[in-house]
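Colleague: Residue-level listing of the chains:
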Amino acid sequence: MTIEVERREFLKLIGVAGVVFVSSLTGNPGFSLSQSKGGQDFFFVQLSDTHWGFEGAQINPDAKGTLIKAVKEVNGLRQRPDLIVFTGDLTQTTDDTNVRKARMREFKQIVDELDTKLVYFMPGEHDASLDNGETYRDYFGETHYTFDHKGVHFIAIDNVSDPTGSIGEAQLAWLQSELAKRKPDDNIVVLTHRPLFDLYPQWDWATKDGQKALDLLMPYKNVTVFYGHIHQENHHMTGHIAHHSAKSLMVPLPAPGSMPKRQPIPWSSSEPYKGMGFRNVHSEFERNKFDMTEYPVNEEATI
Amino acid sequence: MTRRMAATVYLLASTFSASWTPGIAEATQAQQVVKISARRYEFQPTNITLRKGSTTVLRLTTEDRVHGFNIPAMNVRADIVPGKVTEVTLLPQKQGDFEFFCDIFCGSGHEDMRGKITVVE
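Those protein sequence lines, which keep their order, are chains A and B. Counting along the first sequence from 1, when you hit position 19 you're at 19 in the working numbering, and nothing is skipped either side. Counting along the second sequence from 1, when you hit position 3 you're at 3 in the working numbering, and nothing is skipped either side.
Isolated chain A (complex conformation) (with noise of 0.2 Å):
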């Protein structure tokens, strides 16, 4: 893949193995009417499935400090971010109405420590199926929303409020709509929890009616998808649409099938934070382009 041979290439040539970047390219490279509508440059960071709340000390000891490193990370970003967006599992799941509650406090606390003032979440099936986001919606606001930022018009899709992984036939018609006010060669980022496509149904890493929005974003030339659940990076097309992973800041996963079962990735004392981490990305807006620095968690905290 394109992508792989970049990052294997990227990390020859500045021999380190700590920052990854990856390149992408949004629909047609190269000149689009988009670049006439007076877009700009901007970094946007993603951090993903911070679990809060999670109890393991096999899988992540430094549970409680994994995301405060994260956030003191993000700060530390020479690139500065103009937004930072969560995609989702931003808590444990609990039972205990008032153990959410608690999670999504200490986690907005924990967060509020961002220096950077447009921060945007979304749920994933963890704060939001028990209830059906109404838990989430108290601490965060509405599930599904669109921002548009510097010619880039951001789309938040809800496929975690309904427990069985879908979008629903309301959402849907209301993305219908929002997509109807766009132009064919509008720069469109998705965000989303669960991926879109069927990247591996076996342990459940699709959306039962994702094929419903794929169609609808289709006839737009520009749209790249960024979502978390699957606690990994992961980069697939679904014709000219991109679709990007995140790495998790709590539980790392195997690689889609790799495994008789979808079982967390052991913390290795050799390597602590190993396949933890957050993405920075830069989005040229007339190149109709996103370029992706993965940056892992260390001890330090420190980039």
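None of these hints come from the bench; they were simulated from the model. Misleading hints may appear alongside valid ones.
Think about it this way: if two alpha-carbon atoms lie no more than 27 Å apart in a straight line, the pair counts; the simulated BS3-like pairs of lysine-lysine are [unchecked claim]:
#1 B:52 / B:94
#2 A:261 / B:94
#3 A:101 / A:150
#4 A:101 / A:69
#5 A:261 / B:52
#6 A:108 / A:69
#7 A:261 / B:116
#8 A:101 / A:72
#9 A:261 / B:35
#10 A:117 / A:101
#11 B:94 / B:116
Across the chosen pairs, the derived CB separations fall in these ranges [unchecked claim]:
#12 A:117 / B:83: 49 to 59 Å
#13 B:66 / A:170: 38 to 48 Å
#14 B:109 / A:98: 19 to 29 Å
Glycine included, each C-beta is placed from N, C-alpha and C at the ideal position.
Starting from the structure of chain A, add chain B where the hints point.
Modeller: Here is chain B on its own, set in the frame of chain A:
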């Protein structure tokens, strides 16, 4: 049964029949019946062995809340609703192991709520 919800799925390309099947409640020459009970966070039985080329009815119930039953490799899925029996009819034509799992998020052990159907000659 008036409370039974029949979710019958006929598979053209895949099939089952029991050689040794834990949880078999009824069996006729024409078809086997396998009862599967769901509860957080397990299916009972977890492992089911069926024979290729024979019709099997999976009779699914839940002891607590709604769960899902999904066998992606066979394109089979159903909801398991409290107080109802969900029936899934299978006719496996292919040997192998086929994972099934709950696909309705049910809590902290949801990801481990899964089982395996083994189809033998």
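Colleague: Are the hints correct? Go through all of them and say.
Modeller: Quick rundown of the hints versus the structure:
For the hint linking residue 52 of chain B to residue 94 of chain B, the alpha-carbon distance of about 6 Å falls within 27 Å, and the restraint holds. Of the supplied pair hints, the one linking residue 261 of chain A and residue 94 of chain B holds, its CA atoms being roughly 22 Å apart against a limit of 27 Å. For the proposed pair residue 101 of chain A and residue 150 of chain A, the alpha carbon gap of about 34 Å is over 27 Å, so the pair is violated. Restraint check: the Cα-Cα separation between residue 101 of chain A and residue 69 of chain A comes to about 23 Å, which is no more than 27 Å; the hinted pair holds.
Between the alpha carbons of residue 261 of chain A and residue 52 of chain B the distance comes to roughly 25 Å, so the proposed pair stays at or under 27 Å and holds. Between the alpha carbons of residue 108 of chain A and residue 69 of chain A the distance comes to roughly 15 Å, so the proposed pair stays at or under 27 Å and holds. With a CA separation close to 11 Å, the supplied pair residue 261 of chain A and residue 116 of chain B stays within the 27 Å bound. With a C-alpha separation of about 24 Å, the suggested pairing of residue 101 of chain A with residue 72 of chain A holds against the 27 Å cut-off.
For the hint linking residue 261 of chain A to residue 35 of chain B, the alpha-carbon distance of about 24 Å falls within 27 Å, and the restraint holds. Of the pairs offered as hints, the one joining residue 117 of chain A and residue 101 of chain A holds, with about 23 Å between alpha carbons and a cut-off of 27 Å not exceeded. With a C-alpha separation of about 15 Å, the suggested pairing of residue 94 of chain B with residue 116 of chain B holds against the 27 Å cut-off. Checked against the hint of 49 to 59 Å, the C-beta distance between residue 117 of chain A and residue 83 of chain B comes to roughly 50 Å, which is consistent with it.
Look at residue 66 of chain B against residue 170 of chain A: about 20 Å separates their beta carbons, and that is not inside 38 to 48 Å. The hinted window of 19 to 29 Å between residue 109 of chain B and residue 98 of chain A holds, with their beta carbons roughly 20 Å apart.
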